[in-house]
Amino acid sequence: MNLSFTAKEQAFREEVQQFLRNNVPPQMRCKLLEGRNLSKDEMIAWWRTLNRKGWAINQWPKKYGGAGWNSVQQYIFKEELQMYPAPVPLAFGVSMVGPVIYTFGSEPQRKYYLPRIANVDDWWCQGFSEPGAGSDLASLKTKAERRGNKWIINGQKTWTTLAQYADMIFCLCRTDPSAKQQMGISFIVFSMKSKGVTVRPIQTIDGDYEVNEVFLDDVEVPIENIIGEENKGWDYAKFLLGNERTGIARVGVSKERIRRIKELASKVESGGKPIIQDAAFREKLTACEIELKALELTQLRFVADESEDGTGKPNSASSVLKIKGSEIQQTTTELLMEVIGPFAAPYDEHGDDGSNEAMDWLAQVAPGYFNNRKLSIYGGSNEIQRNIIAKAVLEL
Numbered sequence: 002m003n004l005s006f007t008a009k010e011q012a013f014r015e016e017v018q019q020f021l022r023n024n025v026p027p028q029m030r031c032k033l034l035e036g037r038n039l040s041k042d043e044m045i046a047w048w049r050t051l052n053r054k055g056w057a058i059n060q061w062p063k064k065y066g067g068a069g070w071n072s073v074q075q076y077i078f079k080e081e082l083q084m085y086p087a088p089v090p091l092a093f094g095v096s097m098v099g100p101v102i103y104t105f106g107s108e109p110q111r112k113y114y115l116p117r118i119a120n121v122d123d124w125w126c127q128g129f130s131e132p133g134a135g136s137d138l139a140s141l142k143t144k145a146e147r148r149g150n151k152w153i154i155n156g157q158k159t160w161t162t163l164a165q166y167a168d169m170i171f172c173l174c175r176t177d178p179s180a181k182q183q184m185g186i187s188f189i190v191f192s193m194k195s196k197g198v199t200v201r202p203i204q205t206i207d208g209d210y211e212v213n214e215v216f217l218d219d220v221e222v223p224i225e226n227i228i229g230e231e232n233k234g235w236d237y238a239k240f241l242l243g244n245e246r247t248g249i250a251r252v253g254v255s256k257e258r259i260r261r262i263k264e265l266a267s268k269v270e271s272g273g274k275p276i277i278q279d280a281a282f283r284e285k286l287t288a289c290e291i292e293l294k295a296l297e298l299t300q301l302r303f304v305a306d307e308s309e310d311g312t313g314k315p316n317s318a319s320s321v322l323k324i325k326g327s328e329i330q331q332t333t334t335e336l337l338m339e340v341i342g343p344f345a346a347p348y349d350e351h352g353d354d355g356s357n358e359a360m361d362w363l364a365q366v367a368p369g370y371f372n373n374r375k376l377s378i379y380g381g382s383n384e385i386q387r388n389i390i391a392k393a394v395l396e397l
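Using our numbering, the first residue of the sequence shown is number 2, and each one after it goes up by one.
Derived by calculation from the structure, the hints in this document are not laboratory data.
Hints are not guaranteed to be accurate.
[Said to hold, decoys possible] Pairs of lysine to any residue, SDA-like flavour, derived with a Cα cap of 20 Å:
# : residue 1 : residue 2
1 : K196      : R148
2 : K142      : T159
3 : K9        : Q75
Could you put together the complete structure from these sequences and hints?
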């Protein structure tokens with residue numbers, strides 16, 4: 002297996018880098034470097050720039066409007082976005098529901114939804130987790146009852162990321178209560194503006210409002226909004242989550258964060274010298290870099306396998322990437338906190354004039370640390386991923 006990039010692949014990387022330099026607004030890049038949130042309008046404007054270039058849905062097959070890139074090109078593109086940095090295409094539409102629709106949906110569904118996903122005419126959110134069904138997703142209780150030509154949906158979803166922006170939701174609903182847990186679930190899509198849909202924001206520990214509760218009370222959905230076959234939704238969810246866990250590795254994000262750690266550790270002093278000169282700190286940073294290099298090589302092997310296989314089907318090995326990727330991202334935020342020390346506090350009262358220029362570039366470090374505690378939980382907790390790996394190894 003050859004893990005080195007060809008001259009053609011290197012040229013492609015340079016093309017992506019040049020495009021980012023020419024098209025990412027400086028203010029957007031500055032916000033992302035500092036860990037600040039972008040507005041909905043900023044994100045949509047950027048994704049539409051990608052769509053005009055033909056890169057927004059790059060991993061989709063050409064017959065569905067995608068660029069038809071191979072796994073290596075997709076890897077390079079995502080890594081360069083993460084390292085520049087620039088926002089990756091909206092995962093809920095592009096990487097999650099889009100592939101489910103073009104793989105399992107009807108032709109009318111493909112013609113209607115896919116172009117709208119590409120241009121972010123619809124902002125999608127994911128209706129999977131519930132108050133009593135997180136990693137144990139098969140125990141979900143949201144139900145969809147068929148009445149004439151409509152589904153009547155009742156239930157509650159939680160941790161619904163960016164639902165406050167969403168136009169559409171893809172939702173797992175129980176359509177056969179008498180069936181075994183995984184066998185009675187269907188995959189249904191509908192408008193977030195439907196009567197009976199209520200969104201309530203949840204403030205997280207970092208002070209932000211990224212996730213939400215979604216209440217569904219007698220929501221009427223056209224019968225044709227089911228994707229694929231009735232009661233086959235669990236299969237489609239596994240297909241979707243395989244794609245999600247691959248992306249959670251975020252090697253490019255960790256590379257950029259390590260660059261940031263080194264930059265800040267060269268500026269911030271402890272004991273009269275820059276923290277980067279502290280042997281104990283350098284040992285921790287080096288250990289993290291080694292782990293990241295191992296993860297990168299693992300992901301490249303994964304990418305090479307996908308490229309040689311040519312099917313584009315998710316691989317159960319994605320659980321390995323999810324576990325290690327989330328752990329390394331958490332470690333990098335811990336190192337950032339160690340670098341800035343007391344400056345991680347939300348207010349600094351030591352400046353003579355009550356101001357501190359450093360706060361401009363330190364303010365988001367602590368919120369980022371707290372927010373990243375979620376990484377080992379969402380997308381299937383790391384404990385569940387270890388069970389998946391054990392079953393695969395033991396061929397259970």
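So, going through the hints one by one against the coordinates:
no.: 1; hint: K196 with R148; result: holds, 17 Å
no.: 2; hint: K142 with T159; result: holds, 12 Å
no.: 3; hint: K9 with Q75; result: holds, 14 Å
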